[in-house]
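*Asks:* Protein chains in written order, with this note's numbering: chain A, 1 to 116; chain B, 1001 to 1114.
Just so you know, the hints here were simulated from the structure itself, not pulled from any lab data.
Given the structure is predicted, the values throughout are model-derived calculations rather than measurements.
Note that the Cβ used here is the ideal one computed from N, Cα and C, for glycine as well.
Check each hint, because a few of them may be wrong.
[To be verified] Have a look at the derived ranges for each label pair, beta carbon to beta carbon: (1) B:1027 - A:58: 44 to 50 Å; (2) B:1066 - A:17: 43 to 49 Å; (3) B:1080 - A:56: 43 to 49 Å; (4) A:61 - B:1008: 35 to 41 Å; (5) B:1009 - A:9: 25 to 31 Å; (6) B:1112 - A:67: 22 to 28 Å; (7) A:42 - B:1063: 40 to 46 Å; (8) B:1066 - A:61: 39 to 45 Å; (9) B:1009 - A:111: 45 to 51 Å; (10) B:1026 - A:70: 32 to 38 Å; (11) B:1080 - A:69: 43 to 49 Å.
[To be verified] Just some of the chain A residues that point at chain B, by a computed CB distance under 8 Å: (12) 17; (13) 29; (14) 32; (15) 34; (16) 46; (17) 104; (18) 106.
[Stated by the list, open to error] Result set (DSS-like, lysine-lysine): computed pairs, CA atoms no more than 25 Å apart in a straight line: (19) B:1071 - A:37; (20) A:68 - A:42; (21) A:42 - B:1027; (22) A:68 - A:58; (23) B:1044 - A:22; (24) B:1027 - B:1071; (25) A:71 - B:1044; (26) A:37 - A:57; (27) B:1027 - A:37; (28) A:22 - A:58; (29) A:68 - B:1027; (30) A:37 - A:22; (31) A:71 - A:22; (32) A:57 - A:71; (33) A:71 - A:58; (34) B:1044 - A:42; (35) A:68 - A:22.
Here are the chains, one letter per residue:
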Amino acid sequence: GENVEQHPSTLSVQEGDSAVIKCTYSDSASNYFPWYKQELGKGPQLIIDIRSNVGEKKDQRIAVTLNKTAKHFSLHITETQPEDSAVYFCAARDSAGGTSYGKLTFGQGTILTVHP
Amino acid sequence: NAGVMQNPRHLVRRRGQEARLRCSPMKGHSHVYWYRQLPEEGLKFMVYLQKENIIDESGMPKERFSAEFPKEGPSILRIQQVVRGDSAAYFCASSPPISTGELFFGEGSRLTVL
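Same shape as in the complex, but just chain B (with noise of 0.2 Å):
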């Protein structure tokens, strides 16, 4: 019974490059979160996704950010153009349809752009 699986855990890029981080929910979860959480910070929401829809974006920067959630396959948080300030840990959760409340997170995904 696997919980939310995150790749890679561990992703360098240099300025300029790009960062595809994924993350596949738990089976029967059909609603994608994804948190930011700098050094020695709280965990900061970026975009909440269904399938092929995205329901709030509020905390997604307006440029270079942008997350999808296929029909088919895992969701995806793409950064374009990465700069120091993108270096954290992201953190994606999942939960079901009909929800009790709880998120299920995965381990992250480590980001450090040199």
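Isolated chain A (complex conformation) (with noise of 0.2 Å):
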């Protein structure tokens, strides 16, 4: 089954910084890669995701960005806020079943601290 590593666990910066978090994926057939973002208490919530035919996504502050030949992917944070701070997982989807199987399999997640 797939596999996802994720790295930093922890990463703290500094207002208005940028903040960038890696993963790596093992099922080369995977072909959606999101990210959710975690707030304390509370369930995971999609923030920004990418398909296997795109290279690179961009939602305002947030982007995504997707080797698959090395079979990685990051988010990258511009100009990060104090309410940026959560834990962020990626996931990768597996690949058996077609559009209608959605199983994700998620990293270990990064706690993210914004200090103002």
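Two chains, two frames, a set of hints: combine them into the complex.
*Replies:* Next up, the structure:
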């Protein structure tokens, strides 16, 4: 099955700096790579995703890049703000079962702290 | 437009008791996934269900754990004879029949075993 590794486990930045979180995956057939943000006591929420036919995607201060050859993808947050402080999870979609099979394998998470 | 609803949000059980966690998916969603999150760890897949069918239970412990998603009513994750190691947050997610990939998560049920 799929295995997703995520680094770093903790990341501390000053407000206004950039933050980068990296993930690698093992199954070359995986085709969908979302990033989730989890605030304390809440459920994970999707913040951005990328599919295997795209190399980069951007949404305001958040961007994700995908390198299929190397099987790694990264989350980039620019101009960080204190409200960006949360746990961030990368994930990869299992390739089995076609479009109706949505099982995601998650990385271990990164605790991002943005200091004012 | 309600999201994924989980209850109870918090549950305390003594060792040996049973825990039942409920999940109502988003309207129009027929796929339900259960994940477990241990303290300061990631989300571990447990089981994937469609209405009245278990599609993938590869992450479910072989004993004491069961899940169902009946034709009517919420999905239920049942843990029998709970032990301290079952203490965790249990998250339910749902997706529509033709999935774009996104899973929509509930707020979780936090189980504490005394």
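*Asks:* Does each hint fit the structure? Answer for all of them.
*Replies:* Evaluated hints:
1. B:1027 - A:58: 44 to 50 Å: violated, 31 Å
2. B:1066 - A:17: 43 to 49 Å: holds, 47 Å
3. B:1080 - A:56: 43 to 49 Å: holds, 48 Å
4. A:61 - B:1008: 35 to 41 Å: holds, 36 Å
5. B:1009 - A:9: 25 to 31 Å: holds, 27 Å
6. B:1112 - A:67: 22 to 28 Å: 42 Å Cβ-Cβ, so the 22 to 28 Å window is violated.
7. A:42 - B:1063: 40 to 46 Å: Roughly 31 Å apart at Cβ, these two residues miss the hinted range, so it is violated.
8. B:1066 - A:61: 39 to 45 Å: The hinted range 39 to 45 Å holds for residue 1066 (chain B) and residue 61 (chain A), with Cβ atoms some 43 Å apart.
9. B:1009 - A:111: 45 to 51 Å: violated, 23 Å
10. B:1026 - A:70: 32 to 38 Å: holds, 35 Å
11. B:1080 - A:69: 43 to 49 Å: Holds, since residue 1080 (chain B) and residue 69 (chain A) (Cβ atoms, about 47 Å apart) stay within the stated range.
12. 17: violated, 24 Å
13. 29: violated, 14 Å
14. 32: holds, 4 Å
15. 34: Since the shortest Cβ distance to chain B is 7 Å, the answer is holds.
16. 46: holds, 5 Å
17. 104: holds, 6 Å
18. 106: Because about 4 Å separates residue 106 (chain A) from the closest Cβ in chain B, which is inside the 8 Å limit, the hint holds.
19. B:1071 - A:37: Between residue 1071 (chain B) and residue 37 (chain A) the Cα gap is close to 32 Å, so the pair fails against 25 Å, i.e. violated.
20. A:68 - A:42: Roughly 31 Å separates the two Cα atoms, so the pair is violated.
21. A:42 - B:1027: holds, 20 Å
22. A:68 - A:58: At roughly 18 Å apart (the allowed maximum being 25 Å), residue 58 (chain A) and residue 68 (chain A) satisfy the hint.
23. B:1044 - A:22: holds, 19 Å
24. B:1027 - B:1071: holds, 14 Å
25. A:71 - B:1044: holds, 21 Å
26. A:37 - A:57: The hint holds at about 17 Å.
27. B:1027 - A:37: OK: residue 1027 (chain B) and residue 37 (chain A) at ~23 Å, within 25 Å.
28. A:22 - A:58: Holds. Residue 22 (chain A) to residue 58 (chain A) sits at ~16 Å (cutoff 25 Å).
29. A:68 - B:1027: Cα-Cα ~35 Å, so violated.
30. A:37 - A:22: Holds - the C-alpha atoms of residue 22 (chain A) and residue 37 (chain A) are around 14 Å apart, at most 25 Å.
31. A:71 - A:22: holds, 11 Å
32. A:57 - A:71: holds, 16 Å
33. A:71 - A:58: Given that 25 Å is the threshold and the Cα spacing comes to 19 Å, the pair holds.
34. B:1044 - A:42: holds, 16 Å
35. A:68 - A:22: Cα-Cα ~14 Å, so holds.
Going through the hint list in order, the structure does not satisfy hints 1, 6, 7, 9, 12, 13, 19, 20 and 29.
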